[in-house]
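Each protein sequence line maps, in turn, to chains G and A. The numbering of the first sequence is our numbering, which starts it at 4 and goes up by one. The numbering of the second sequence is our numbering, which starts it at 29 and goes up by one.
It is possible that part of the hints are untrue.
[Said to hold, decoys possible] Label-pair ranges, simulated between beta-carbon atoms:
| # | chain 1 | residue 1 | chain 2 | residue 2 | range |
| --- | --- | --- | --- | --- | --- |
| 1 | A | Glu685 | G | Met63 | 35 to 41 Å |
| 2 | G | Ala47 | A | Arg631 | 34 to 40 Å |
| 3 | A | Arg631 | G | Phe43 | 48 to 54 Å |
| 4 | A | Gly530 | G | Met63 | 40 to 46 Å |
| 5 | G | Gly29 | A | Gln573 | 22 to 28 Å |
| 6 | G | Tyr90 | A | Val569 | 41 to 47 Å |
| 7 | A | Ala653 | G | Gly115 | 37 to 43 Å |
| 8 | A | Gly530 | G | Phe43 | 47 to 53 Å |
| 9 | G | Thr5 | A | Val569 | 29 to 35 Å |
| 10 | A | Arg510 | G | Met63 | 34 to 40 Å |
| 11 | G | Asp95 | A | Val569 | 34 to 40 Å |
| 12 | G | Tyr90 | A | Ala653 | 38 to 44 Å |
| 13 | A | Ala653 | G | Gly29 | 50 to 56 Å |
Note that these hints are calculated values from the structure, not bench results. A virtual CB, placed ideally from N, CA and C, is assigned to each residue, including glycine.
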Amino acid sequence: MTGWVLIVDDEEMIRENLKAYLEDEGLGVVAFESATHALFWLQAGVSCPVCIMDMRLPDMDGNTAIRALHELYPEMKFLIHTGSSSYSLPEDLRTMGLDDSRVYRKPLEDMGPLAAAVRALADPQEARL
Amino acid sequence: MPISRVLPSRKRPALSRRRFGSNELLAAALGALAATASAASDWLGEPLGSGGAGGKINYTVLVLIPVILLASVALFWCWLQRQEAVRRTRQLQRELNERQRVETALRESEARFRDVTEAASDWIWEMDENLRFTYLSERFEALTGIGTQSVLGLTRWELAGADASIDPQKWRKHREVLETRAPFRDFIYQTQLIGDWQNGRYLKVSGKPIHDEQGRFRGYRGTGTDITEQAKAEAALYQSELRLRRIIDLVPHMIFARDRHGRFLLANRATAAAYGSTVEALVDRSHPPGHGVPEEVEQRLADDRAVLENWESRLIPEEVFTDHTGRVCTLQTIKIPFNESGMSESAVLSVAIDITEQKRAKEDVARMRLYLKNIIDSMPSVLVGVDPWGYITVLNQPAEQAGGVSWAAAQGRFFGEVFPQLQSQFEQVRQAIRDGHPIKTPRMTLEVDGELHYADVMVYPLMADNVSGAVIRMDDVTARVRIESMMVQTEKMLSVGGLAAGMAHEINNPLGAILQGSQNILRRIGPELAQNRAAADAVGVDLNQLNRYLQERGILRLLEGIREAGVRAAKIVADMLSFSRRSEAQAQFALVEVEDLLETVLRLAASDYDLKKKYDFKRIRIERAYDPALRLVYCDKTEIEQVILNLLKNAAQAMAEENTPSPSILLRTAREADYAVLEVVDNGPGMEDKTLKRIFEPFFTTKDVGVGTGLGLSVSYFIVTEQHNGRLSVTSKPGQGACFSLRLPLAREKLS
Numbered sequence: 004m005t006g007w008v009l010i011v012d013d014e015e016m017i018r019e020n021l022k023a024y025l026e027d028e029g030l031g032v033v034a035f036e037s038a039t040h041a042l043f044w045l046q047a048g049v050s051c052p053v054c055i056m057d058m059r060l061p062d063m064d065g066n067t068a069i070r071a072l073h074e075l076y077p078e079m080k081f082l083i084h085t086g087s088s089s090y091s092l093p094e095d096l097r098t099m100g101l102d103d104s105r106v107y108r109k110p111l112e113d114m115g116p117l118a119a120a121v122r123a124l125a126d127p128q129e130a131r132l
Numbered sequence: 029m030p031i032s033r034v035l036p037s038r039k040r041p042a043l044s045r046r047r048f049g050s051n052e053l054l055a056a057a058l059g060a061l062a063a064t065a066s067a068a069s070d071w072l073g074e075p076l077g078s079g080g081a082g083g084k085i086n087y088t089v090l091v092l093i094p095v096i097l098l099a100s101v102a103l104f105w106c107w108l109q110r111q112e113a114v115r116r117t118r119q120l121q122r123e124l125n126e127r128q129r130v131e132t133a134l135r136e137s138e139a140r141f142r143d144v145t146e147a148a149s150d151w152i153w154e155m156d157e158n159l160r161f162t163y164l165s166e167r168f169e170a171l172t173g174i175g176t177q178s179v180l181g182l183t184r185w186e187l188a189g190a191d192a193s194i195d196p197q198k199w200r201k202h203r204e205v206l207e208t209r210a211p212f213r214d215f216i217y218q219t220q221l222i223g224d225w226q227n228g229r230y231l232k233v234s235g236k237p238i239h240d241e242q243g244r245f246r247g248y249r250g251t252g253t254d255i256t257e258q259a260k261a262e263a264a265l266y267q268s269e270l271r272l273r274r275i276i277d278l279v280p281h282m283i284f285a286r287d288r289h290g291r292f293l294l295a296n297r298a299t300a301a302a303y304g305s306t307v308e309a310l311v312d313r314s315h316p317p318g319h320g321v322p323e324e325v326e327q328r329l330a331d332d333r334a335v336l337e338n339w340e341s342r343l344i345p346e347e348v349f350t351d352h353t354g355r356v357c358t359l360q361t362i363k364i365p366f367n368e369s370g371m372s373e374s375a376v377l378s379v380a381i382d383i384t385e386q387k388r389a390k391e392d393v394a395r396m397r398l399y400l401k402n403i404i405d406s407m408p409s410v411l412v413g414v415d416p417w418g419y420i421t422v423l424n425q426p427a428e429q430a431g432g433v434s435w436a437a438a439q440g441r442f443f444g445e446v447f448p449q450l451q452s453q454f455e456q457v458r459q460a461i462r463d464g465h466p467i468k469t470p471r472m473t474l475e476v477d478g479e480l481h482y483a484d485v486m487v488y489p490l491m492a493d494n495v496s497g498a499v500i501r502m503d504d505v506t507a508r509v510r511i512e513s514m515m516v517q518t519e520k521m522l523s524v525g526g527l528a529a530g531m532a533h534e535i536n537n538p539l540g541a542i543l544q545g546s547q548n549i550l551r552r553i554g555p556e557l558a559q560n561r562a563a564a565d566a567v568g569v570d571l572n573q574l575n576r577y578l579q580e581r582g583i584l585r586l587l588e589g590i591r592e593a594g595v596r597a598a599k600i601v602a603d604m605l606s607f608s609r610r611s612e613a614q615a616q617f618a619l620v621e622v623e624d625l626l627e628t629v630l631r632l633a634a635s636d637y638d639l640k641k642k643y644d645f646k647r648i649r650i651e652r653a654y655d656p657a658l659r660l661v662y663c664d665k666t667e668i669e670q671v672i673l674n675l676l677k678n679a680a681q682a683m684a685e686e687n688t689p690s691p692s693i694l695l696r697t698a699r700e701a702d703y704a705v706l707e708v709v710d711n712g713p714g715m716e717d718k719t720l721k722r723i724f725e726p727f728f729t730t731k732d733v734g735v736g737t738g739l740g741l742s743v744s745y746f747i748v749t750e751q752h753n754g755r756l757s758v759t760s761k762p763g764q765g766a767c768f769s770l771r772l773p774l775a776r777e778k779l780s
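Isolated chain A (complex conformation):
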């Protein structure tokens, strides 16, 4: 029984010695009483009963008196003795009872102690005056797993070599405590047995010094508990907390928790940095809450409260936050309501991510996208983005117009369906994507509103994020093709002009001979001239007869034919000559009243000899639509008059040829941004596309042979484009008349 070792056992011999003494006395008294009683009974013949004191005095008084006396004394003595014995017995009994009670109590205490000791998580230890372990309760081994035998006889520090070397200060203090024989509480150390480096146990011990009756120091006794698990758990918890703390401090986003008053319960380093504070200062609840711009603080508080009231997490996609430096940033914050154990109040945990850069980048991207869209929209080319299967991904504005669909509506549709004119490009799209090279299709012909158009088509392969596709670029080059053909014509005209200038002199002389000769011949065969008559008389010819003869034989008509042919040839040469370039100095440029110019031309046209001959110009109704905003135009008056006259003659001739009913010509002027526009519009037969395309070509004519030189319009074109830097264009359709538009630059500087 371990308790016997623990409890002091020296009181037991004293107790048994006292018991032994009183028993002896009682036995002696009883012996004496018994002897006396037996003697007396023998003598009196009656047994002495218990307490028989009233015997026969008379007879044996003398004998008996001493005896009686003696007996009485003896009896008294006995009685006394008996009383004493009873008292002693009672005391003994009491003592016995007391002792039994004490023993029971002791046993109970021992049992309780044992139970406690056995049930407790602690163990009992004792050490002797040399501070060496003399006793360790069973729990020690059970709790620590360290064999008691390996500990007994050792000092505490001998059990904790490693710990002692780690924290010698702690041990020095502890030893001081032990050496001064003072009690101690909750001394924690790590025990480690030699050769066992893995399973060091954390022990927490408390102890009191033991002194014997003489007050001599006998050692220490105390309790110990194994707190290894707790220490490990604490250490782990500490580590984990430390790690968590490190993690939230490492996170560059703001992580914090605030109560409903906006006080920080938790904040990571990023949060503290944003507030220009430290984590400690931020979570110090003694500080008044509310950092930053008041409106922002108010808003955040309202958000937090909303989260708490609804008890629902909430994402605030964009939140304005002004940090301590005044930098305004945009945060994306998620707010989560939470109740921490041990915290009476609920709080809002917030994680705020600075999305300023992303937002700016996003805005930049959006801006750039808009910018690019504007750029591609501003391009005159039709741009159609397609995927490798030909489905539309992007359209620019001209493409939307050309296809008559919006981008949104066209997206995902096959491009050939939206742009039938481009359907033939599908093979090029595939090839361009396959080869990674752009493919050009110049001068592709296509029909737009029944008109022939030319388009340069280019298919560019696209590679973006491994998504392949292509952009089809289509430029309507109809105008350019026309201009180019005009330029070709102009070149032709210039070469004609050059040729004409070179040969003019050589041709004009023979033409002069023909024309002058014809005139002289006709003059000299008539009877009107006196010289003719004189000469005729001299040779005996009758001039009147001769004239009849000449008429009869058609000679006069033939002569007239020669003359007309000469006139026509002279006109051709003159027209050809107007193709040669002239400097501005040679040309008579001046500011001319447009209306005056047009009216002059109308008068000229009405009196034109050729016109009168072919048709009656007066039959044509002339309409005027003069723009009052256009008054003056800078030009060579004679040249432009010639051009307008040419256009009028052209219109009149065309209408006369086709017998247009109620022919009319509209003279219209208008002022454009850079040009003065003069238009001659007729309601004549109009022209086919074929004719239109060649109309300004030199020597191209639809008129009967001999009616036109085929140079009139090309001369006009040349005068307008080459000499005036203007434009001459025509629009017409068969049966719908024709409109010739003459554009002259308004700004003089533009003239080259």
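Chain G with its partners taken away, still in its complex shape:
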């Protein structure tokens, strides 16, 4: 698999735990506490096929961040990881190919399914195999 898995979450322990788990799965992971930091880092031109996005962020909400990232990097796939009980996927995000299966509710008892989803999105061929 090539490229980084991008994690944007303002909760440090969530960030760290996801990063740790995915790294243990052999994935390259970068994690930022805000969308702004992530965008800044992406300007360096790194390859980043998958992003795990929190919804409540200090600078903007997750939906807006996804729209912005999608604008800049149309190839990027998104997984949503939210603590909000009332979150529902906006319609425009669905047109970007997102669906309810991409939404993960906090707290995650088991990070295994999320990791599998990341793998599948990052490398479709590999996932299919």
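Given chain G's structure and the hints, the job is docking chain A onto it.
What follows is chain A alone, placed relative to chain G:
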């Protein structure tokens, strides 16, 4: 002697004159005869006997012849005279006898007349040619009480001034009659003496004119009779009849008498009016009988005849009568047989009262009573009417059911005896009647079939026709109390939901950290991961040894504990969140196959991780009783699945905890009028009333700490009642299992 005045006396002088004449002649003849006889006897020397005619002719023939001749002549004359005298005497005698006879007859006649006059109720009167009273017999005064002296010399009209002024016509005619000297009969008038206005007498007089031999008018003579009493009686009778007639005509009821042929003998005005006729026309017997509708006439005739045959009065309580306008009314008739004096035939006197209105009113009252009874019976409240002493007067149907007695059986019994649960209300009954205000006793607790029930009791004072009493109204509000407590619970749930929604994000993040951290820790201390081994080598730690150590110290178990606690906390938060209201748009409502849904849940239950851990679901016998009439139900499939799963888990857990032998769960469906019913029935330990009442309360649990969140059933309750507008109820008794009934509205419109 009054008769002498009455009878003519002028014949008497004529009679005595004739008698006097014949006596004179007889005396003269006798005288002459006597003288002759004495002369002759002197001469012949022998007395002349009676009838001595054969004397001595020879001697004194010559002398004697003339004498004899003379004597003979004289004798002949005498004889003649004598014959004449005898004849005259005889005639006289005859006349005398005749006269005596006449006189006797006259006397007899007079006596008879006198007797008659004295005995008669009439009196004799006479008036002179100037029409003034000259004579009035004694009876007059005796009969009228009017002194004869005050009348004599007056004319009749002078005696009747008032009457004359009242009816001058009558008097004018009468005077005309008198002036033409014609006889008259039965002239009636009222006499009234001056100064006597009270005792006017009614007199009836008849009279004939009197004429003397020369045919001259001498006045009037006649009889009179006092008819005052009769007139008064007649007038009174007339008045009384008139009054009676007026009375029966005034009576608004029909009064009539009919003979056996149905002909009217008597009818009052009301009767005539009912027949559209007049009284006169109705009682006119020349008219054919039978007025009105033939069947009615027939019936009436039959009734009349029955009365006549049995000679018994009869009351006909209701009789249909169609009057002349066609109005059908109901009469109540009493029929009395009677024989009127002077009437050969018996008749039936009827008095008929029109009771149409009363009947209608009575029917209205009966109808209204039935209507009211239906109303009070239709009321769900128990209604007990009591008198001031607490004795039952009225019960409605629910009261009959509640007391287990019929109204008839309960009437007159003390209400506390029939309704022991209400006995405590006696004081309220008395107070309500005394003060005239209703008294409420809300939420009175009472026991019905060993169950605690709540009742609102109200005692209304009653005042009707000065008869006081009260109505005790009892409403079983147990269901409402339960619903209210459910609503309180729902409110609690909603506030829990609101709270959860607000804090979910804040709690989920730390929970995520705990759970994810636990997972990472456990993963990173095991020897399985290559990264772990590399790191361990780098620091010179043997992972296998480390694991043994961690196990030895129970650290792995502690870590697992942290993870489980996190899972439980996450579950609580998730359950709490389901209390928040969601719109229908958010919920996934659709028509769902009930059987599919239940079977899905059974599969889920069998594979539920928690279930497997706590007990073996496969040990529980599952029975199914699906109503073929119920196929589809409109609901949010996932939510209802969650509810049913919850109920199944609940039942399984309860049975496992109590080690119920041969545990079984019955899944039953039924179709009610408005609801689809889904039931989960277990044969587990059941529940006490105390538990039942709180079973849907959030955070209420009977399970061991850590087994349940205490939210499962309240979440189910919330889903059913709030999101589906349905009902979730439970019935259970200790040791007798439990039955959870889930009702979902069949009509989609009913969903709010």
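Quick one: which hint numbers does this structure break? Sort them smallest to largest.
1, 2, 4, 8, 10 and 11
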